[in-house]
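J.: Each chain, written out:
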Amino acid sequence: MASKWISRLDERTGIVGVYKTVFDRKIPKVNWWFTLGSASLFLFSVQVVTGILLSVYYVPSPDHAYDSVQYIMTGVQFGWLIRGIHHWAASLMVLVVFLHMLRVFFYGAYKYPREITWVTGVVLLLATLGMGFTGYLLPWNQKAYWATTVGTSIAGTVPGIGDFILRALRGGTDLSAVTLTRFFAAHVWMLPLVILTVIGIHLYLVIRNGISAVPKDHE
Amino acid sequence: MSELETDQTLQINVTRKRSPGTTAMNEEEKREYQEKYRLAKLHGEKFFPDTIYKDVLISFALFLLLIGLATFIGVAPEPKADPSDTSYIPRPEWYFLFLFELLKFFPGSLEWVGTAVLPGLAVALLFLLPFIDRNPKRHWKNRRFAAGLMSAIVIGMVALTIRAVVTTPPQAEATVAGTLAEQIVAGQDLYAVHCVECHGADGEGGKIQGVQGLEGVTLKPINSQDEMYTRSDETLYAVIELGQQTLGMPPFGRAYSGELSPGDIESIVAFMRYTWDDRAEMPKAAEQASTLPVLKPGETPDYATHIEPVVKRYCVSCHRPGKENNNYLMRTYDEVMNSGDHKPNIVPGNLQSNLIRMLRREEIEAGGPMPPSKPLKPELIEMIERWVIAGAPEKASGPATK
Ligand code: HEM
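Quick mapping for you: the protein sequence lines, in order, are chains L and A.
Anchor point for the first sequence: position 70 equals 70 in my numbering, and the numbering is continuous, going up by one each time.
Anchor point for the second sequence: position 325 equals 325 in my numbering, and the numbering is continuous, going up by one each time.
Keep in mind the hints are simulated off the structure, nothing from the lab.
Glycine included, every Cβ here is placed at the ideal spot set by N, Cα and C.
There's no promise every hint is true.
[What the hints assert, rightly or not] Here are some chain L residues pointing at chain A (derived, C-beta under 10 Å):
hint, residue
1, 57
2, 111
3, 112
4, 204
5, 212
Sequences and hints are given; from them, build the entire structure.
T.: Given below as structure tokens:
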């Protein structure tokens, strides 16, 4: 019965082929270090879900950002849990993505034919750090304000284009409401879309080239 | 040998001559790699379920870890952003600390080396790694240089991070009102310190006494329905932050050389709103914390439980440093007992103590009636008297320790 429905669905969608390529494939025997990539993916999904929930109450303006976060912590059912998870998963994701990169590096898994997988991975690492940097400002508390003041002024010391970068990040010479909305836009739209797209390419390449085998002593 | 095979052999021979292995993998090596990889897969496992089961297990463990971290550690409360507070020590997220620390090695005109050149170089190298590192070997033992360099970098990053944590001085502890009730109670304390000397303990106003520069000025009440219905929170905030200079009220916002942070001012506004505005309902928790203790018949009053809340609300506003008070400070038990030009103002067991006489609105050598503008409620005076008679104890058990 079920198989009849599946075959009907497959006739129209090719779903069985997709399943076979993604799940029903042979890969070399791998160890626990190989779970770091999927752990990165999992943490990103956690961030997407909790982030969307936070955006229901969060208001990106200097007048209301702090209070809206305060409200999430004390007024919203399980708001503290959602924010707590988002907060910790952010740190954990940076750590796990970095460890995943180290795994790939020490196993030489960035070599032929997986060079492009590595390049997309570097984009993901930078975008993840960008998420951390832009997200840090959003609660508009002391830590956020001063860390971002220093962070953006560091960007301002780049020779030649520093001043331009500084103004582009801050939307003016000082940290202001414009900075907050800019960081918000980057944090909830631009960077997530980059990450989502590049994860797609990354995973396509991982499946296409297959997971590398653990290198042997002589390899 | 078929035509195709000859063709391939030929090709392999050609490429082998061109690149002897030190540069990019040649075609033969690539083919060799793919063949080995095919065998590895053959002896390998099924992605579903063999591999994915490990992935799911790790993700689930991470999920539990996250719930644990969110529940038992949570997110540290922080005061609201205050652009005027330049004493705040900036602290980036921990994973940027190593960069922050790295910059310290490039002071002054070399700064751009640390901010632009090194990070730029690192990112470029990271992107180009697969094209720069053309060693076909994969096991780290056969890639001593690459593995050693990366290990050194990672150890360096960890060391810099530790150094940053160790060398940054701890932030001055700031209390953050989390809930509305906490905010109201914090606001009440701040109101008592900063506002009471002019506006009265309950915002009743009246004639100002004992305040430099404003002596004898009469203030209208700020706790009236009129006042509360026509002033929004934003207006109250602005009045406190900026003051009303033509009327004599100084600015209190730190940005205008006052003493209050934005969070402090918000707390005071919340206290005013929830205490005096009959449309706002005081949260239960705040109500309990803000009502003055009542003495039960036969109970012995002590400083911590009964007297301190009264002192805080009615006296500290003037009896703190920088005010005209004959150096009688009342911020702690010790100050209440032992400070002042006419000390001791409290003699345990003696109702002729300066403090009691002044509360009873006598004019004595130490000064006039206290509080100057309006007497304390009789039951509060009685409570203080009973405390003095009982030996002015600090805590619930035992008499005063002088
Ligand atoms: C959001 C971040 C990332 C996600 C979600 C992600 C996800 C994944 C997943 C699921 C795999 C499968 C194999 C494994 O889990 O080890 C993988 C493999 C791979 N990743 Fe990532 N990755 C991320 C970041 C990176 C970074 C930062 C790099 C390197 C700079 C990188 C380079 C690679 C390479 C080269 C492979 C192939 C490894 C092999 O075949 O053994 N990835 N990635």
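J.: Does residue 212/L meet its interface restraint, that is, does its C-beta lie within less than 10 Å of any C-beta in chain A?
T.: holds, 8 Å
J.: Does residue 112/L meet its interface restraint, that is, does its C-beta lie within less than 10 Å of any C-beta in chain A?
T.: holds, 5 Å
J.: Checking hints one by one. Is residue 204/L an interface residue toward chain A, by the C-beta closer than 10 Å rule?
T.: Where the cut-off is 10 Å and the nearest Cβ of chain A is about 15 Å from residue 204/L, the hint is violated.
J.: Should the interface hint for residue 111/L be scored as holding, given a Cβ-Cβ cut-off of 10 Å against chain A?
T.: holds, 6 Å
J.: The hint names residue 57/L as touching chain A; please verify it with the least Cβ-Cβ distance against 10 Å.
T.: With a closest approach of 15 Å, the residue 57/L hint is violated.
The structure does not agree with the numbered hints 1, 4 stated previously, though it agrees with the rest.
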